[in-house]
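Participant: Okay, here's what each chain looks like letter by letter:
There are 2 protein chains.
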Amino acid sequence: MIAVEGYAAQSAKAPLAPWSFERRDVGPKDVLIDIAFCGVCHSDIHQARDEWGGSRFPMVPGHEIVGHVTAIGSQVDQFKVGDRAGVGCFVDSCRVCVNCKADLEQFCVKGMSGTYNGFEQDKVTPTFGGYSTRIVVDQKYVLHLPEQLELAAVAPLLCAGITTWSPLRHWNIGKGHKVGIVGLGGLGHMGVKFASAFGAETWVLTTSPGKADDAARLGAVGVVVSKDAADMEKHAGSFDFLLSTISAPYDINAYLGLLKVDGTMVTVGAPERPLDLHLFSLIMGRKSIGGSLIGGIKETQEMLDYCGEHGIVSDVEVIPAEKINEAYERMLKSDVRYRFSIDLKSMAA
Amino acid sequence: MIAVEGYAAQSAKAPLAPWSFERRDVGPKDVLIDIAFCGVCHSDIHQARDEWGGSRFPMVPGHEIVGHVTAIGSQVDQFKVGDRAGVGCFVDSCRVCVNCKADLEQFCVKGMSGTYNGFEQDKVTPTFGGYSTRIVVDQKYVLHLPEQLELAAVAPLLCAGITTWSPLRHWNIGKGHKVGIVGLGGLGHMGVKFASAFGAETWVLTTSPGKADDAARLGAVGVVVSKDAADMEKHAGSFDFLLSTISAPYDINAYLGLLKVDGTMVTVGAPERPLDLHLFSLIMGRKSIGGSLIGGIKETQEMLDYCGEHGIVSDVEVIPAEKINEAYERMLKSDVRYRFSIDLKSMAA
Chain A
21 MIAVEGYAAQ SAKAPLAPWS FERRDVGPKD VLIDIAFCGV CHSDIHQARD EWGGSRFPMV
81 PGHEIVGHVT AIGSQVDQFK VGDRAGVGCF VDSCRVCVNC KADLEQFCVK GMSGTYNGFE
141 QDKVTPTFGG YSTRIVVDQK YVLHLPEQLE LAAVAPLLCA GITTWSPLRH WNIGKGHKVG
201 IVGLGGLGHM GVKFASAFGA ETWVLTTSPG KADDAARLGA VGVVVSKDAA DMEKHAGSFD
261 FLLSTISAPY DINAYLGLLK VDGTMVTVGA PERPLDLHLF SLIMGRKSIG GSLIGGIKET
321 QEMLDYCGEH GIVSDVEVIP AEKINEAYER MLKSDVRYRF SIDLKSMAA
Chain B
21 MIAVEGYAAQ SAKAPLAPWS FERRDVGPKD VLIDIAFCGV CHSDIHQARD EWGGSRFPMV
81 PGHEIVGHVT AIGSQVDQFK VGDRAGVGCF VDSCRVCVNC KADLEQFCVK GMSGTYNGFE
141 QDKVTPTFGG YSTRIVVDQK YVLHLPEQLE LAAVAPLLCA GITTWSPLRH WNIGKGHKVG
201 IVGLGGLGHM GVKFASAFGA ETWVLTTSPG KADDAARLGA VGVVVSKDAA DMEKHAGSFD
261 FLLSTISAPY DINAYLGLLK VDGTMVTVGA PERPLDLHLF SLIMGRKSIG GSLIGGIKET
321 QEMLDYCGEH GIVSDVEVIP AEKINEAYER MLKSDVRYRF SIDLKSMAA
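Chains as they are written, first to last, in our numbering: chain A, 21 to 369; chain B, 21 to 369.
Calculated directly from the structure, the hints in this document are not laboratory data. Heads up, a few of these hints could be off.
Which copy? The list can't say, so a pair holds if one copy fits it or any two copies do.
[What the hints assert, rightly or not] Derived DSS-like pairs: lysine-lysine, alpha-carbon spacing no greater than 25 Å straight-line: (1) K143 x K121; (2) K49 x K195; (3) K247 x K280; (4) K49 x K100; (5) K280 x K195; (6) K195 x K143; (7) K143 x K49; (8) K353 x K143; (9) K254 x K143; (10) K130 x K318; (11) K121 x K195; (12) K280 x K121; (13) K318 x K365; (14) K143 x K160; (15) K247 x K365; (16) K343 x K365; (17) K343 x K195; (18) K280 x K130; (19) K280 x K318; (20) K195 x K100; (21) K121 x K198.
Given the structure is predicted, the values throughout are model-derived calculations rather than measurements.
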C-alpha cells in the first residue's frame, strides 16, 4: 500500500488498527491478481484528499488495475493462473437489479462496490484499490486484457478508456460526425483516440493552443482554442457531438453554441460546483446535454477487445510507487502526457 | 389591433407614424385570413412588456391564429376561399438552409420570420400578429385546420400544442413510458393530453395539489407535488421522460433525480435566468436534458390532423378583445384553465 498524502494525514490523526488490505481469502469464484501497474486517475486525488467528502481512511486508491492471475477459486472458469487480468472502478454490484441485469452495473440500484473507498455489497466491509501488490476480485468483475498490448499502457483503459468509450458508443458516434473532445488530459486523450478510430472528424477543444501537435498525433484533425472567441465563432453550430472531460466549473453555454441542430454534449467530467445553464442554449436547436459514468463490465470487455484489435492504449508515464505524491502535484498542473501508471513492482524493492 | 399595455406605453412616448398593419397586399402565393380567434401565449406578455428586451413598437402580438381564407393569390393551390386556416409562431423562413429543407423551419439558419415582433425575410419589414382581424401569409406557412373542431379551442394548438407535441414525438414517447409533465398551464395541459393520447403513463408535476382533479380529467394518472419532498422521493428514479414547461427559475437537479437510468428531461420553458446544473445529476444514470422549440410546418400539420382525428383541442376561455390586459394579469396569477382565446369578432363591434 502506498502512503498517499490523505492517508498519511489521517494516519497521523488516528493510528491504524491492525489491518489487512487483503481482507479476503480467495473464495470459490474469486481470482487473486498480482498487480503489475495501476493508472493514476484524477479522482484518486479527490478521494485521497477528501475533496468530495466522505473519504474513509486508511485508503488504498487505484482503480485502473492490471496484472496477472496468481490463484483462482474452485469455481472460477473464466480465468486461469498466469492470465492477464484487469480491474476497473468497481469490484461488485447487486447483480439482480434492472441495471445490473442490463449490463449497467455502474448504475446498480443498490450501489456498486467501488474498487476503493467503498464497501463490499455487505455495505460494511471496506474496499481497497490498486496502489497495492495484490487484489482479490470475483471473476465476474475481472476483465480479460489483450496479450499484445503493453500492460502499463493498458491500465488507464480501465477508467479513462471506458469512460470515454461508453458515451461515444452509446451515442453512436462514427463516420460523418464532427466530434469535439473538450479537454486533452487523461480522459480526453483516450476520447480523441476512440472518436478518430470510429471514423469521426475529431477536434480537440482546449485552452492550450500548444496541444495542437499532440492532438494531431492522437488522431484529431485540429484544435479549437476555447479561449479564442474568433475560433469558437468559426465553429459555431457545426458540431454533432461534444464530449467534455472538464472537471472545473466552466461556461457550458459557450460549448452548446458549437452544436448544430439536434447536437448533443455529453459530460464525463464533474465540476464540484454547479454550472449556470441557460435553457435557451438547449431550446434553440433542440440540443441536449447528457452525462455518462464509466461503463459496465460487458462494455468494458468490448472496449478492451477493440483496443487489442486496433492497437489502442493510453499514453503513459510509468512511475515507481514512491513518486505518487509528486505525480499528484504534476497532475494538478496538467504536467503529464497523459496518464501516470504506477509500476507496482517498485513496491517490492 | 388591440392596444396591449406595452404598445400603449410606447405610443405615448412616440406618436405613431401613419402605419398599416396589413402592410402586404395579397401576393401570388399568399392567402388573406379573416382571423376568428387568437390564443394568448405567455410570450405575448413578455414581448408586449419588453421583458426579453428588443421589443419593437408598435406591436401586434399573437401567434395562435385561426380563421378563414377570404382571398388567395393567383398561384395558391393549397387553400381556397372559405377554408379554415391557421398561422403559428412564424410566417416565413429562408426555405433553402439545411434546417428549412429538413422541415425544421423553426431553426432556420438565417432566422425564421416570427409572426410578430419580428421581421420578414428582408430583415427590414416588421411583422404583425394575430391580435387583429386579418393577416396575409404565404400559403407554405399556413396550416389546414380540422373542420370538426371548435375554432376558438384550436387556436392554442398553433403554439402550446405544437410546442408540447414536438418533443413528445421527437423522443418517441408512448406506451410503456412513465412521463411527467412539469407545470400545468397553457403548455402543460396540452402536454398531458398528448402524452396520455400516445399511451404513456402520464403524471403531472405541480406545486398545486389542487390541480389533481383537472390533471385526471386531462388524462393524467396522478400528480406529483413538487414541493412535497416525500412525494418527490416516492417517485425518485422512476420516470422515463419529463417535459418541463416551467418558465421561472427552479431546481432542475431535483427533477433529474426523478428520472431512471437513460431518462430524459426536455424543457420547452425558458427561465430568463440560468439554472444551477450539477453535472453529477446527469452523470449518475446517464441522463439527459434537452430543449425543444415549437415545431416545423409539416409537423404542425401532422399534429393538427391528429387532433382532428382524436378530438383534441385546448381548454380555452374565450374573451373579447377589450379584456386582453385583464387576461394578462390573470395569466400572471395562473388564473386561467388553460388558455385565453380572443374572439376577434369583438373588434368589429
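Participant: Next step is simple, just say for each hint if it's right about the structure.
Facilitator: Here is what the structure says about each hint:
1. K143 x K121: Only inside one copy: K143 and K121 sit 20 Å apart there, 56 Å across copies, limit 25 Å.
2. K49 x K195: neither (41 Å within a copy, 41 Å between copies)
3. K247 x K280: For K247 and K280, the Cα distance is within 25 Å only inside one copy (20 Å; across copies 36 Å).
4. K49 x K100: within (12 Å within a copy, 77 Å between copies)
5. K280 x K195: within (16 Å within a copy, 30 Å between copies)
6. K195 x K143: neither (44 Å within a copy, 37 Å between copies)
7. K143 x K49: So K143 and K49 pass the 25 Å test inside one copy only (20 Å; across, 71 Å).
8. K353 x K143: Classified as neither: same-chain Cα gap 36 Å, cross-chain 49 Å, threshold 25 Å.
9. K254 x K143: between (51 Å within a copy, 23 Å between copies)
10. K130 x K318: within (19 Å within a copy, 46 Å between copies)
11. K121 x K195: Cα proximity of K121 and K195: across copies only (22 Å, versus 31 Å in one copy).
12. K280 x K121: between (35 Å within a copy, 15 Å between copies)
13. K318 x K365: Neither, since 29 Å and 66 Å both go past 25 Å.
14. K143 x K160: Within one copy only: 19 Å inside a chain, 63 Å across chains, cut-off 25 Å.
15. K247 x K365: Classified as neither: same-chain Cα gap 42 Å, cross-chain 56 Å, threshold 25 Å.
16. K343 x K365: within (13 Å within a copy, 83 Å between copies)
17. K343 x K195: Intra 41 Å, inter 57 Å, cutoff 25 Å: neither.
18. K280 x K130: between (38 Å within a copy, 14 Å between copies)
19. K280 x K318: between (32 Å within a copy, 21 Å between copies)
20. K195 x K100: neither (39 Å within a copy, 47 Å between copies)
21. K121 x K198: Between copies only: 20 Å across chains, 33 Å inside a chain, cut-off 25 Å.
In this structure, the hints that do not hold are numbers 2, 6, 8, 13, 15, 17 and 20, in rising order.
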